[in-house]
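> In case you want the letters, here they are:
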Amino acid sequence: MPMALIELNNLKKTYRVYQKKEGLRASIKGLFKRTYKEVQAVRGIDLSVEQGEFVAFLGPNGAGKTTTLKLLSGVIHPTSGTASVMGHIPWQRENDYRRRFALVMGQKNQLWWDLPAQESFRLHQQIYGIEPNAFQQTLDELTDLLGLRELLSQPVRELSLGERMKMELTAALLHSPEVLFLDEPTIGLDVVAQHNIQQFLKYYQEKRKITILLTSHYMKDVAALCKRVVIIANGQIQYDGSLSGIIDETTNRKLVTLQFADPIDDALLASLKRFGDIVQHEEPRVKLGVTRDDVPAMLTAILDSYDIDDLIVEEPPLEEVIADVFVRVTESSDEQSPETEPQ
Amino acid sequence: MTGYRPSYPRVFLTFARNSLVRDMSFRTNFILQCISTISWTVMNIGFYLIIFQYTDSIGKGTGWGRDEFFVFLATTWIINSLVQTFFMPNAQQFSELIRSGNLDFALLKPIDTQFVISFPRVDWAALSNLVMGLVLLGYSLYQLTTRETNPLIIDWRALLMYPFYIVCGTIIMYSVMITLASTSVWLGRNQTLYNFWFYITNFSRYPMEIYKFGWGMALYVLFTLVIPVLLVVNIPARIMAKPLDTMQAEYWRLAGFSILATLCCLTLSRKIFVRALKSYRSASS
Numbered sequence: 017m018p019m020a021l022i023e024l025n026n027l028k029k030t031y032r033v034y035q036k037k038e039g040l041r042a043s044i045k046g047l048f049k050r051t052y053k054e055v056q057a058v059r060g061i062d063l064s065v066e067q068g069e070f071v072a073f074l075g076p077n078g079a080g081k082t083t084t085l086k087l088l089s090g091v092i093h094p095t096s097g098t099a100s101v102m103g104h105i106p107w108q109r110e111n112d113y114r115r116r117f118a119l120v121m122g123q124k125n126q127l128w129w130d131l132p133a134q135e136s137f138r139l140h141q142q143i144y145g146i147e148p149n150a151f152q153q154t155l156d157e158l159t160d161l162l163g164l165r166e167l168l169s170q171p172v173r174e175l176s177l178g179e180r181m182k183m184e185l186t187a188a189l190l191h192s193p194e195v196l197f198l199d200e201p202t203i204g205l206d207v208v209a210q211h212n213i214q215q216f217l218k219y220y221q222e223k224r225k226i227t228i229l230l231t232s233h234y235m236k237d238v239a240a241l242c243k244r245v246v247i248i249a250n251g252q253i254q255y256d257g258s259l260s261g262i263i264d265e266t267t268n269r270k271l272v273t274l275q276f277a278d279p280i281d282d283a284l285l286a287s288l289k290r291f292g293d294i295v296q297h298e299e300p301r302v303k304l305g306v307t308r309d310d311v312p313a314m315l316t317a318i319l320d321s322y323d324i325d326d327l328i329v330e331e332p333p334l335e336e337v338i339a340d341v342f343v344r345v346t347e348s349s350d351e352q353s354p355e356t357e358p359q
Numbered sequence: 610m611t612g613y614r615p616s617y618p619r620v621f622l623t624f625a626r627n628s629l630v631r632d633m634s635f636r637t638n639f640i641l642q643c644i645s646t647i648s649w650t651v652m653n654i655g656f657y658l659i660i661f662q663y664t665d666s667i668g669k670g671t672g673w674g675r676d677e678f679f680v681f682l683a684t685t686w687i688i689n690s691l692v693q694t695f696f697m698p699n700a701q702q703f704s705e706l707i708r709s710g711n712l713d714f715a716l717l718k719p720i721d722t723q724f725v726i727s728f729p730r731v732d733w734a735a736l737s738n739l740v741m742g743l744v745l746l747g748y749s750l751y752q753l754t755t756r757e758t759n760p761l762i763i764d765w766r767a768l769l770m771y772p773f774y775i776v777c778g779t780i781i782m783y784s785v786m787i788t789l790a791s792t793s794v795w796l797g798r799n800q801t802l803y804n805f806w807f808y809i810t811n812f813s814r815y816p817m818e819i820y821k822f823g824w825g826m827a828l829y830v831l832f833t834l835v836i837p838v839l840l841v842v843n844i845p846a847r848i849m850a851k852p853l854d855t856m857q858a859e860y861w862r863l864a865g866f867s868i869l870a871t872l873c874c875l876t877l878s879r880k881i882f883v884r885a886l887k888s889y890r891s892a893s894s
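Residue numbers (this note's numbering), protein chains in the order written: chain Y, 17 to 359; chain C, 610 to 894.
Chain Y extracted, bound-state conformation (with noise of 0.2 Å):
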């Protein structure tokens, strides 16, 4: 059987933490006797990804998205499990691997603070081993679609969010890797510089035919990018299937709103209600949410009995869909498995 470029097979990584007690006699009792929880960070994960995929993880603060994807890059070992990705163990290090991959984050950069990006950039050629004219011609095509191309003399600390982001970018994509891990590359930016990012990426994801492992809070970066999602949870996946898949999957609520030609009263309301749960009320419109299979019965029993303008039935939104899968997550498991064990 052919492998994927991406394997995990049952990751697991956890950490042992101090757990410092609050006050400061606890923290002076803490010099002497420390007490110690494990987190499990990821608890299994299962996963293969093919050439040229985009796919996106979502998933709480603290779900594991980023652990999986530094063990992914080979910064930290797993606790067991195994992973491959192009034939390579990532924690092994090897520089073979560490040519044919990049790792985006956020949260941390990497340029030289006090120098223009160019002279980072440089450095980066030299490590590599990028030849100069296929590195001219990489920076010139990459700079271009960023638009940086007057910024690259700039001090990295003088540049605003957005433009460090764009240059993190380019740093990562001089070498032209085949995999790409990014890490919530548009925390933080306006909308325009999110949008910017997002068009680039899809772009240079269509045309590389590389593959895009992307972790992000914003949907729009999901919506706009991936085909395919992973919804991380306390470690592990819960979800993994296609962005409109997870309404089909996860809910069987619509949403129907009402206009009413008449005033709305109390009544009304009373009555409304017997058909689901009001979201919404604002005259002269009332928006329901109402379970899927009872749509089609609820509809003409109100055309019926009801004057109405207009009406819409509608998916709910995503965004409280998939808030709505990580509660569930999270309060069936800790009810199931306390999430720290003393040791």
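Because the hints were derived from the structure by calculation, they are not lab data.
The structure presented is a predicted model; accordingly, all values stated were derived computationally and were not measured.
We treat Cβ as the ideally placed atom computed from N, Cα and C, and that holds for glycine.
Accuracy of the hints is not assured; some may be wrong.
[What the hints assert, rightly or not] EDC-like cross-link-like pairs, simulated, lysine to aspartate or glutamate; straight-line CA separation at most 20 Å:
1) Y/Lys124 / C/Glu705
2) Y/Lys49 / Y/Glu38
3) Y/Lys28 / Y/Glu54
4) Y/Lys303 / Y/Asp320
5) C/Lys887 / C/Asp721
6) C/Lys880 / Y/Glu110
7) C/Lys887 / Y/Glu54
8) Y/Lys225 / Y/Glu69
9) C/Lys887 / Y/Glu110
10) Y/Lys243 / Y/Asp62
11) Y/Lys289 / Y/Asp320
12) Y/Lys270 / Y/Asp309
[To be verified] Not everything, but these chain Y residues come out facing chain C in the computed CB check (under 10 Å):
13) Tyr31
14) Ile92
15) Phe117
16) Asp130
17) Leu131
18) Pro132
Knowing the structure of chain Y, use the given hints to seat chain C on it.
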């Protein structure tokens, strides 16, 4: 692309160049740093000139008279400046990279991680100390070779061995430093680097003969055999400042041991470094 090896000297030159560009962009800071370093060396000389008002030599019958001792002092400065120029800022930065989780990027690069951690910053201003060291060395050697009684004749072997042992000494200091910085992986934070540097150089900057009495022997053994920092300055300084023919057998043995110690320190620090990388946790996201 496979099998490609980056050219380490070229990468190093780029590091050095980038550091220089950086230092130059903060010109006043750079100049102030040079001035403060030079004033410190001048005060140092003044201090020892005062000491030599009261005595003819450091230790009775050790042969460390004023000019011999100034060769010793120059050697101390040369080694210190090499360490401070090339390694001190990097060891400190390494410790900080571990704490902040920014070591990630170093681990991603297709190049030896210890190299990329040890050399990215060059503190050019600290080189002013090297210049001062060379000036003092030249001056004291001139004094020694031209004095009327018993002038020093410089042996060509000494001229070869001196730089060799300077390099050995620098490597020992580097190893101690990178080992200390590596422990940040387990300790979470290790700010003892500067303190440690201060303590160690305090011991290593005097002729080793002064420790060879009573309880001083404990220090002598500790800093010669266990943490061999006493060898760092003493071996090259002894070779340069006094005639080689009069070098006692014990010194020759120590000089041989010094090479062994250099290799051991380097190997051990490399092992500890690699172990540390395995335990690296990559703080925050």
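> Taking the hints in turn, state whether each one holds.
Going down the list of hints, with the structure as the test:
1. Note on Y/Lys124 and C/Glu705: the hinted pairing holds, with a Cα-Cα distance of about 14 Å set against a maximum of 20 Å.
2. Using a Cα cut-off of 20 Å, the hinted pair Y/Lys49 and Y/Glu38 holds, with the two alpha carbons roughly 15 Å apart.
3. Straight-line distance between C-alpha atoms of Y/Lys28 and Y/Glu54 comes to about 12 Å, which keeps the hinted pair within the 20 Å bound.
4. At most 20 Å may separate the alpha-carbon atoms for a hinted pair to count; Y/Lys303 and Y/Asp320 meet this at roughly 18 Å.
5. Distance check on the hinted pair: C/Lys887 and C/Asp721 sit about 14 Å apart at the alpha-carbon level, within 20 Å; holds.
6. A threshold of 20 Å between alpha carbons decides the hint, and for C/Lys880 with Y/Glu110 the separation of about 18 Å falls inside it, so the pair holds.
7. Restraint check: the Cα-Cα separation between C/Lys887 and Y/Glu54 comes to about 18 Å, which is no more than 20 Å; the hinted pair holds.
8. For the hint linking Y/Lys225 to Y/Glu69, the alpha-carbon distance of about 8 Å falls within 20 Å, and the restraint holds.
9. For the given pair, C/Lys887 sits about 14 Å from Y/Glu110 by alpha-carbon distance, which is consistent with the 20 Å threshold.
10. A hinted pair counts as satisfied when its Cα atoms are at most 20 Å apart, and Y/Lys243 with Y/Asp62 qualifies at roughly 19 Å.
11. Restraint check: the Cα-Cα separation between Y/Lys289 and Y/Asp320 comes to about 17 Å, which is no more than 20 Å; the hinted pair holds.
12. A C-alpha spacing of about 9 Å is found between Y/Lys270 and Y/Asp309, which places the hinted pair at or below 20 Å, so the restraint holds.
13. A distance limit of 10 Å between C-beta atoms decides the matter here; for Y/Tyr31 the minimum to chain C is near 7 Å, and the interface restraint holds.
14. The restraint placing Y/Ile92 at the interface with chain C holds, with a minimum CB-CB distance near 5 Å, inside the 10 Å limit.
15. Residue-level restraint check for Y/Phe117 holds (minimum Cβ-Cβ distance to chain C is 8 Å; threshold 10 Å).
16. This hint holds: Y/Asp130 has a C-beta 5 Å from the nearest C-beta of chain C, less than the 10 Å allowed.
17. Given hint, Y/Leu131 at the interface with chain C, holds; its Cβ is 6 Å from that chain's nearest Cβ, closer than 10 Å.
18. About 9 Å separates the beta-carbon of Y/Pro132 from the nearest beta-carbon of chain C, less than 10 Å, and the hint is met.
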